[in-house]
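Engineer: Going line by line, the protein sequences match chains D and B. Mapping to our numbering: the first sequence position 123 is 123, numbers consecutive. Mapping to our numbering: the second sequence position 272 is 272, numbers consecutive.
These aren't lab readings, by the way, just hints derived from the structure by calculation. Because the structure is a prediction, the values reported are computed rather than measured. Among these hints, one or two may not hold up.
Stated by the list, open to error - Keeping only pairs whose Cα atoms sit at most 30 angstroms apart, straight-line, the calculated DSBU-like set for lysine-lysine is: (1) K514/B / K97/D; (2) K310/D / K374/D; (3) K447/B / K299/D; (4) K97/B / K374/D; (5) K135/D / K199/D; (6) K447/B / K416/B; (7) K259/D / K93/D; (8) K584/B / K514/D; (9) K516/D / K514/B; (10) K514/B / K374/D; (11) K374/D / K299/D; (12) K584/B / K317/D; (13) K416/D / K297/D.
Chain by chain, the residues:
There are 2 protein chains.
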Amino acid sequence: MKTLLQQINSPTDLKKLSMQELEQLTTEIRTQMLTRLSVTGGHVGSNLGMIETTTALHYVFNSPVDKFVFDVSHQCYTHKLLTGRKEAYTDPKQYDKVTGFTNPLESEHDLFAVGHTSTAISLACGLAKARNLQKANYQIIAVTGDGALSGGLAFEGLNNAATLHGPLMIVINDNQMSIAENHGGIYQNLQLLRNTQGKAECNLFKAMGFDYYFVQDGHNLNELIDVFSKVKQISHPVIVHVCTTKGKGYLFAEEEKEKWHYMAPFHQENGLTLAKPNTYETYENLTRDYLIAKMKKDKSIVAITAGTPKIFGFDKKLRDEFPEQFVDVGIAEGHAVSFVSGIAKNGGKPVFGVSSSFLQRAYDQLSHDLALNKSPAVILVYFSGISSGNQTHMGIFDIPLTMNIPNLTCLAPSCKEEYLDMLEWALEQTDGPVIIRVPGIQTLSRKVELLTDYSNQVKYETVISGNQVAILALGNFYQLGKDVQAYLNKAYNIEASLINPRYITGYDKVTLEKLKENHQLVVTLENGQIDGGFGEKIARYYGTSQMKVLNLGAEKAFIDNLSVQTQYQRFHLTVPQIAENILKVLQGLD
Amino acid sequence: MKTLLQQINSPTDLKKLSMQELEQLTTEIRTQMLTRLSVTGGHVGSNLGMIETTTALHYVFNSPVDKFVFDVSHQCYTHKLLTGRKEAYTDPKQYDKVTGFTNPLESEHDLFAVGHTSTAISLACGLAKARNLQKANYQIIAVTGDGALSGGLAFEGLNNAATLHGPLMIVINDNQMSIAENHGGIYQNLQLLRNTQGKAECNLFKAMGFDYYFVQDGHNLNELIDVFSKVKQISHPVIVHVCTTKGKGYLFAEEEKEKWHYMAPFHQENGLTLAKPNTYETYENLTRDYLIAKMKKDKSIVAITAGTPKIFGFDKKLRDEFPEQFVDVGIAEGHAVSFVSGIAKNGGKPVFGVSSSFLQRAYDQLSHDLALNKSPAVILVYFSGISSGNQTHMGIFDIPLTMNIPNLTCLAPSCKEEYLDMLEWALEQTDGPVIIRVPGIQTLSRKVELLTDYSNQVKYETVISGNQVAILALGNFYQLGKDVQAYLNKAYNIEASLINPRYITGYDKVTLEKLKENHQLVVTLENGQIDGGFGEKIARYYGTSQMKVLNLGAEKAFIDNLSVQTQYQRFHLTVPQIAENILKVLQGLD
């Protein structure tokens, strides 16, 4: 028997279905989605929670004439299923045909590639404005989660949206969760609105100038279609507040919402992960254990997250254990940075843990509120470096982002011993802000000369003192540098120097000058974008001298879902490629 | 007779005064402030409007035990007058002793150096959190304007503030103005609250979880002191909504609020400016006239500002003339960038005019919403380059900020002809986002080879084809490069090449390779920070070749109120310094 889903090739096909068939369709979607998720992993909770709402939206409106923007797009699976991409969910061989994010290269129904929170309303405002200039009249629909409302951009968007003309619908998917639990004053108001079926007079959205509609049960197609149909008649900006259940229809996900926000492949029957448990030590746990011990001794230590508490291991139990010394400010990286600046200025010792990709949401705060004011706060940057994930989560931009801001000390530890040494120093010093680039997921241990104090003159570690070629292998590219050094020795009988720079910011002029004595080439290796990064500073340093400099790292490009190994190949970062490149320069063939 | 102001050396002295004396003091402050403003210029409107509120705050609270954070600090003059710095307002010889911004180097009563809007609440949250960890109980006071509420960070701050424990007071100075008029949905709610004396049930601040107080007349010391005294007894976060008049007490400023937001020196009697009118053409007017003509012909052109409409000449009259084609989104640069991306994706032709310093508030949106999505929007960056202003308004960071983001085409026109040529192309192309670095205030005209199409391969303009030394003079450093070229010729008989790179992003490999034939040194001149900028890319390009490269530009540092000429000296950017530097490298003495 042909399933209903098999008949849906575009949203137009939805409109032929009866209410009963629509119900059946959502059941089929949930089944297929869960089956795929159990194999590929993905954002389980938000996607299961938005099946009925998305189906109702596509039933009432006419994509791609009416235009949808899904915030962060962690709820876009149903949208993809209904807009010509169902095979990527029903046919295991085609699972890799679509990503977990909206992507204009996949479909005309996807307007933007997105992956950072709180931007959908602003993007939708732009679509609406352009439509108005064209005197057209179709609907623009922004779908955003309650968790995204902690991000300031959502409010900038709401503030502007309320003044626009013509149809604009903002769907607030209120599942009472961010990645972890929500934090912030506005969530009291959402609670009040839920408690009063949207009837409370004190209404955040009305206060911002919106017409407001409430959907009590975001899994009830009748109610959803009824409200969306009403809104379809309205030609001004409207908020539709839809209450959903994160993980809807899958018991394990409904019960442990934070755990099931994102899951690796799992047994559908028992909800157990198929991912093998880490047999190695991680920087997440290393940091967690260090901070726990430190926080117990020193009540002025405070760990801050912007919505991703597990980044340094703070699960719910641990958060409850340190209610005063752990703060989740919501998905609000800008605020987090200004907040830690304030804490540090008033005698606290804040440490903010954040993903490389998300730190860029706080550039202005890093520059002014933190660096200009020399507040002694610590920022730990996780998931930095070349990675195989989505183009919106790349970890190659944090070095250019931070190292070019005055007054920031940026450190790149090469191993766990150095990491802990830097972290301890950073938390105890009072001179200014320190950014530490966490070397990776699995810890690396090695015998290393520790500086203990990183406030003095920049001092690189010369691990191997050779000649002709010097390899400056930054942070978690230490091992790559070491491998290249060994390869050069073995294959070409070149006894290169190996240097661990330790510092991303500043120069160790003593070491750099000394290299001039018996080296012709300095090679910089950094696990990040070359443009604006560490290596270019070295090229500039030696620019007026005889020393040749070769900068290696990631190219300036957005790269979507490509294996790390393929990227290494493309960037000429494999050991033989690097060695060959070095040889060419030495031979003057370049 | 000794004035009251002469007796005030710290806030403690205020507390000895009677209400009548306090009234008299505010009159004295207003007189002194106006006199100084008429001589030095400054932020007239907001400072005149906050005299009574600031006096009442310092009367009721105990700075520096209680801690004040003034948002953007364009209202801090009274605070400075009352905290030991009155001579900088009463004694003309000492006018230059304090800046127009809060500054911890000046006084223990200033907690932060700030100058970008919407950060005060977040900074205050940090101070409060650190206080709580210390189990102390003093008051933290954030003072922020209604205009600043359009910035998302203010909402991130409010959202977090509502959840904090202990005393925290956020004073909303509602003068019904941003720099220009306010824009956005929230301003309807502020209007409703003003109309109902703060009694309306639908209250933005209550919706965000705050206890809320209203001050009808922010120039009535009795009312202010009464409310602040009540709040002093409360040990949880509170909003105090104070209605003030921008420009209060100076008729001209009250009547023309936008004009008097910031004023150059003026005749106090008639309000006329003392600044000589520009006798030259400005890029502001050039852009305005270009856009007016363009908008009349093409209804898809839309100009966007984030609260600074006059940056490209859009005064009130002109804004009213193009109500659909000009959008002020409020002080919300992040939203502005996502908004223009949406407009461009839907067939509009948006152009966003923004200050170099403020563009950094939109880094994440530049990267993801705009560049990753290749939306063909145009951004015009004003006030870029070395300047003599406040450290929070520096124009040297925009090149490192933008050029290291993939998919952005960044252009640096050398003169007005090239600027208009690039602007016309940028608005009509559909390939992706283009950033144009507006060359300065006064236009420069020269005979220049125009490319018309900047989408093809990067092509530098070789203005003078010489040998030995090549000067790559970027954008508005074209004239400096030309002067250096002439100086080298005259003083040292060196016939250097002079090149206008036109493009900040990308390499003209043909030209760069050709230089290798008969040049030993390439000198890069950029009016911006060297670190992360244009020159370092050139150093990297030639890193593995024999070519020497000398990068010149601004040092990586925050610099406060220093003349441009002094900075040029410090950065070795005067013509003789540059020439000397070049000679040294050529002689191998470096």
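Engineer: Does each hint fit the structure? Answer for all of them.
Structural biologist: Results of checking the hints against the structure:
no.: 1; hint: K514/B / K97/D; result: violated (45 angstroms)
no.: 2; hint: K310/D / K374/D; result: holds (28 angstroms)
no.: 3; hint: K447/B / K299/D; result: violated (67 angstroms)
no.: 4; hint: K97/B / K374/D; result: holds (22 angstroms)
no.: 5; hint: K135/D / K199/D; result: violated (34 angstroms)
no.: 6; hint: K447/B / K416/B; result: holds (10 angstroms)
no.: 7; hint: K259/D / K93/D; result: holds (28 angstroms)
no.: 8; hint: K584/B / K514/D; result: holds (21 angstroms)
no.: 9; hint: K516/D / K514/B; result: holds (28 angstroms)
no.: 10; hint: K514/B / K374/D; result: violated (45 angstroms)
no.: 11; hint: K374/D / K299/D; result: holds (22 angstroms)
no.: 12; hint: K584/B / K317/D; result: violated (64 angstroms)
no.: 13; hint: K416/D / K297/D; result: holds (22 angstroms)
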